[in-house]
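Asks: Read off the chains here:
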Amino acid sequence: MLSRDNRDPAALPRLLLTVLAVALLWPGIQLAELNPGVLLAADSRSEMGRFVAGFWPPAHTPDFLDLLLQATLQTLAIATAGMALALLVAIPAGLAASRALSLSAASRGGRPSAFGQALRWPVRGLLIFLRSVPEIVWALLFVRAVGLGPTAGVLAIAITYAGMLGKVYAEILESVDQRPMHALLQGGSGRLAAFVYGLLPNAAAELTSYTVYRWECAIRASVVMGFVGAGGLGQQIDLSLRMFAGGEVASMLLTFLLLVLLADALSRVLRGRLA
Amino acid sequence: MSLRLTGADLQHANGVHALRGVDLAIAAGERVAVIGPSGAGKSSLLALLASALQPGGGSVELLGENPWQLSARARQQLRARIGLIHQAPPLPPRQRVVTAVLAGKLGQWGLGKSLFNLLHPVDIPGARDVLARLDLADKLFAQCQQLSGGQLQRVGIARALYQDPELLLADEPVSAMDPVLADHTLSVLCRHAEARGVTLVASLHAVDLALAHFPRIVGVREGRIAFDCPANEVTRELLDALYANEQLVSPQAPAVTLTLQIPRC
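If you read the protein sequences in the order shown, they are chains A and B. According to the working numbering, the residues represented by the first sequence are 1 to 275, in order. According to the working numbering, the residues represented by the second sequence are 276 to 540, in order.
With the rest of the complex left out, here is chain A (with noise of 0.2 Å):
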């Protein structure tokens, strides 16, 4: 089978590497402790199963509706807040931060100088820095800084995204065709230009597509930072299952499922416009 004709040399180095990483993964389930046997034992079979029982139905009367509507526009406020405030940083953080905005890299056959790198490397420990420390972490922080309430949520997730928006974005950047830009920057336009001119047209769908996950991903962290007291849907599911009122929790939970949707929608219509 293994005649000379059609041996693939890159056969046994992926076949090791699938080992090295079984290997590599096994131990790490047991650290952490994973047994699925657990869910089947019987005592918690019927005590997860009182606890979904206790969803159904619904909450649904007006009083709650119009309390869910308010903490449903709260996340939302916090989630698009905290976005718009994360993008002041990421975009400009991202441009410096990313090798294809680099003049060198034009005339050095996409490596950029040595001195430039240096340059993007200060940029990178900020980026690396604002997202190392979860956002429930800030959020805990301003909470005792500025109080309960939206605002510390807002910042939270602030400072969080703007680290992952920078990095990603960087790094979306120096995916695309870099080609159309070099050919620009050798044409002697300026790199602001050169990028709005040569990369963006290519970037733009999976920028946005990027961003608007985010978004979505900002309005779970808002509820979950609702928990420690920085307001919107998360802090109503947190007092309603301290009163137990499972039915209210199911109904937020629809909630949510139905802001993914509305992100997903979103997400798909402006990739359509761009791509």
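What the hints contain is simulated information worked out from the structure, not anything from laboratory work. Among the hints, a few may not be true.
Stated by the list, open to error - Label-pair distances were calculated between CB atoms; the ranges are:
(1) B:Asp413 - A:Ala10: 47 to 53 Å
(2) B:Asp453 - A:Gly109: 31 to 37 Å
(3) B:Val455 - A:Arg111: 38 to 44 Å
As the list claims (entries may be wrong) - For the chain B half of the interface with chain A, some residues (derived, Cβ under 7 Å), not all of them:
(4) Ala288
(5) Leu328
(6) Gln329
(7) Gln351
(8) Ala355
(9) Pro365
(10) Gln370
(11) Ala378
(12) Leu381
(13) Gly382
(14) Leu386
Ideal placement from N, C-alpha and C gives every residue a C-beta, glycine not left out.
Based on the hints, put chain B in the right spot on chain A.
Replies: Relative to chain A, chain B alone:
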């Protein structure tokens, strides 16, 4: 003197030695065709003349300046006076033709005007005019991805004409066009160069087109200048020597032992 190469060497990042000790001087307003077999270094030579690549050795003088001794800003200003037409013009597929053509003047416009031009094209008549000279005016508002290879090449040429450079370089500008269109397009380029006193250097793989349109022919082979003479002095023997290919003539030559880098996965 519009451009001068002295002992220019160029080695690509992948280790290929593209040019070795090239000496070339071209006066302002001259029209020169560069011919030679595939992989001879024609594109590398033009990239060097466009200041798109820095030579590993020797010196480059373009429009009276050495681009690699200038500051980055001054080099961009020099580059704005040099136009390079690519064989396969690198244009974003979704960009409209009018935007792609007007982008030729980005080096001369400020950032404000460049950004406004994306919202509303600032010089539609100018773009329509250059496209009309290439018989492409009807595609003004089409997207680049809707065009054929030959039409894209003409958009690339239109961009360079709109840029209105003092030194116009063309890398196989008509390789995707039919013979009639190629002939017409080269005459448009030559007429433009003559009318504006622009120096024109074009690499071509069609020798008859080169001899018909250009007064001076430079033959390139294996990274060196093989000959450099007026078009009427190019002989059959010179061309045969330029395009001679030992590998194709003797197919039963011993197989080359391959020492390829094997990809890891």
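Asks: If a hint holds in the structure, say so; if it does not, say that too.
Replies: Evaluation of the provided hints:
{"no.": "1", "hint": "B:Asp413 - A:Ala10: 47 to 53 Å", "in the structure": "49 Å, holds"}
{"no.": "2", "hint": "B:Asp453 - A:Gly109: 31 to 37 Å", "in the structure": "33 Å, holds"}
{"no.": "3", "hint": "B:Val455 - A:Arg111: 38 to 44 Å", "in the structure": "42 Å, holds"}
{"no.": "4", "hint": "Ala288", "in the structure": "4 Å, holds"}
{"no.": "5", "hint": "Leu328", "in the structure": "6 Å, holds"}
{"no.": "6", "hint": "Gln329", "in the structure": "6 Å, holds"}
{"no.": "7", "hint": "Gln351", "in the structure": "5 Å, holds"}
{"no.": "8", "hint": "Ala355", "in the structure": "3 Å, holds"}
{"no.": "9", "hint": "Pro365", "in the structure": "4 Å, holds"}
{"no.": "10", "hint": "Gln370", "in the structure": "5 Å, holds"}
{"no.": "11", "hint": "Ala378", "in the structure": "5 Å, holds"}
{"no.": "12", "hint": "Leu381", "in the structure": "4 Å, holds"}
{"no.": "13", "hint": "Gly382", "in the structure": "3 Å, holds"}
{"no.": "14", "hint": "Leu386", "in the structure": "6 Å, holds"}
Hint compliance for this structure: every hint is met.
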